[in-house]
Structure formats: structure tokens, C-alpha cells
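Could you build the full structure based on these sequences and the hints that come with them?
So you can see what is in the structure, the chains are spelled out below.
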Amino acid sequence: MQVVPEASLHRSLRLAAIGTLAGLFSGLFGVGGGSVIVPLLVLWLGYGEHAATATSLAAIIFIAGFAALTQGLYGNVHVLDALLIGVPAVGGVLIGTWLAQRIPARTVSLLFAGVLVLSAVELILR
Amino acid sequence: MTGAVAIGLAGGIIAGLLGVGGGVLFVPGLVIFLGLDQHQAEATSLLAIIPVAIVGTYVQDRYGNVRRGDALLLGLLSLAGAAGGVVLANALSGTVLRDAFAGLLLIIAGQFVRRALASGDGAAPASAAANSHRREKA
Chain A
0 MQVVPEASLH RSLRLAAIGT LAGLFSGLFG VGGGSVIVPL LVLWLGYGEH
50 AATATSLAAI IFIAGFAALT QGLYGNVHVL DALLIGVPAV GGVLIGTWLA
100 QRIPARTVSL LFAGVLVLSA VELILR
Chain B
0 MTGAVAIGLA GGIIAGLLGV GGGVLFVPGL VIFLGLDQHQ AEATSLLAII
50 PVAIVGTYVQ DRYGNVRRGD ALLLGLLSLA GAAGGVVLAN ALSGTVLRDA
100 FAGLLLIIAG QFVRRALASG DGAAPASAAA NSHRREKA
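Chains A and B are the protein sequences, given in the same order. When we follow numbering that gives the first Met the number 0, the leftmost residue of the first sequence carries the number 0, and every step to the right adds one. When we follow numbering that gives the first Met the number 0, the leftmost residue of the second sequence carries the number 0, and every step to the right adds one.
It should be emphasised that the hints constitute simulated quantities derived from the structure, not laboratory data. Remember, predicted model here, so these are calculated numbers, not experimental data. Among the clues, some could well be false.
As the list claims (entries may be wrong) - Some, not all, of what chain B presents toward chain A, calculated at C-beta under 10 Å: (1) Met0; (2) Gly7; (3) Asp36; (4) Asp69; (5) Leu71; (6) Ala88; (7) Ser92; (8) Leu96; (9) Leu116.
Just so it is clear, CB atoms sit at the ideal spot from N, CA and C, and this is done for glycine as well.
This is the structure in C-alpha cells:
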């Protein structure tokens with residue numbers, strides 16, 4: 000646990016800007032917002048990679064929680080599907096971190112990019 | 000049911016491997032394999048992300064990586080944006096939202112290709128290097 004110095008107004012404003020951007024992004028697209036938070040914590044607040052990722056994960060609990068709650072008011076949340084995805088996903092993360100030591104990052108990145116492009120094409124053609 | 004579990008496992012593995020969200024896989028998975036519409040898929044993805052974020056936070060906090068004060072402030076300051084994003088999403092038609100999401104996927108894919116091409120010289124983008132400490136090469 001790192002000791003956090005008293006946050007200056009400047010610092011708080013930056014956190015507010017990151018939070019607002021990440022919240023909008025998360026709410027609009029149904030994702031966590033880590034891809035907004037992590038680089039901005041590094042660029043604007045001088046975070047290292049590990050602290051940025053870890054702090055981002057903690058913030059995402061609030062962001063995704065509140066966005067899911069708001070979506071719930073629209074009646075869009077399928078709770079059973081969310082559980083069937085979210086619980087195995089925890090196991091998936093453990094497998095992924097184990098695999099990360101054994102598969103080159105480059106291979107994984109390219110495979111992931113390929114899956115994303117296929118998904119995008121499938122969505123657009125629908 | 001098997002489909003949902005497979006989507007969860009796949010998204011989790013990617014999150015563990017690359018340090019970024021399974022959410023970006025949950026949404027298309029829910030649309031393509033479970034037949035949800037774009038709004039339902041995004042809403043359901045948000046809820047599905049929470050268990051991973053909670054367990055991830057717990058593990059990272061034990062390593063001392065979570066800056067709790069900032070995380071709390073960041074989380075609280077994001078609530079208005081999160082609600083605004085959801086309202087905006089629901090103001091858009093499913094088709095527009097789906098195409099915008101597809102565009103987002105292409106942008107993220109581009110970032111990962113760039114990252115892959117840059118790997119080895121330390122030029123990986125910030126969001127993608129989260130697990131670099133676990134790899135000998137990175």
C-alpha cells in the first residue's frame with residue numbers, strides 16, 4: 000500500500016476529468032473504462048503501469064456498478080447471463096495470468112486484434 | 000448457458016493475458032452468440048465485469064498496487080459520467096450504437112497491432128503493458 004500524499008486541487012481536477020471520461024466511455028459502450036483510465040493515470044498523474052492498472056480495477060467496481068444500475072432502470076440488464084459470464088471470467092483471468100508467462104505477448108496481441116476485427120465485421124453486417 | 004460460460008472464460012483469459020477488459024469481448028459475444036440486442040449486451044456486460052474487478056482489486060491490493068484514496072475519488076467522480084454515458088447509449092438507436100461499438104473494436108484492434116509491432120523496444124502503449132512484469136521478454 001503506497002502512501003498517497005494530500006491531493007492538491009489540480010490533482011483532484013485531473014482525477015475528476017479521468018473519472019468523467021471513463022464513466023462516459025463505460026456507460027456508452029458497456030465496458031469497464033480501463034483503457035481510458037490506465038493511460039491517463041500514467042500520462043497525467045505519473046503512475047507506473049502496475050499501480051495504474053490496479054487503481055483502475057478498483058475504480059471500475061464503482062463505474063461498472065453504477066452504470067449497470069442505471070442500465071437496470073432501463074430494463075436492459077440480463078442478470079443470469081451476467082452471472083454466467085462474470086463468474087467464469089474470474090477463473091479465466093487466473094488462466095490468462097498463468098498463460099501470460101508462457102505465450103509471447105506479440106502473438107496474443109495479434110490474435111486478440113484478429114478476434115476484435117472479426118467481431119466488428121460481424122456486428123456491422125448484422 | 001454454455002455460450003455465456005465460454006464468453007466469460009474467453010474474456011477473462013484475455014483480461015489476464017493483456018491486462019485489459021474482457022468487457023470489450025463480452026459485448027460482441029452477447030450479441031453474436033446469445034442474441035441480445037446492443038443495449039442489453041452493453042448493460043449485461045457492465046454487470047459481468049464487476050466480479051473480475053472485485054477479485055482483481057483484492058489481489059492487486061494485496062500486492063500493494065492499489066492507491067486506495069485515488070481509486071475511491073476516481074470511482075466517485077466517475078458516477079455522473081457513467082450515468083450520462085448510459086443515458087446517451089439509450090438515446091441512440093441500437094443500430095447506431097452497434098456500429099459505433101464496432102468502430103471502437105477496430106480502433107482497439109489497431110492499438111494492439113501497433114503494440115505487437117512495437118513489442119520488444121518498450122514502446123507498448125500504457126493500457127496494454129499491464130502484465131509486462133509477468134513476462135520475461137517485455
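Okay, the hints, checked on the actual structure:
1. Met0: holds (6 Å)
2. Gly7: holds (4 Å)
3. Asp36: Holds - the Cβ of B/Asp36 comes within 10 Å of chain A, reaching about 9 Å at its closest.
4. Asp69: holds (6 Å)
5. Leu71: holds (8 Å)
6. Ala88: Result: holds, 5 Å to nearest chain A Cβ.
7. Ser92: violated (13 Å)
8. Leu96: Hint on B/Leu96: holds, closest Cβ of chain A at ~8 Å, below 10 Å.
9. Leu116: holds (8 Å)
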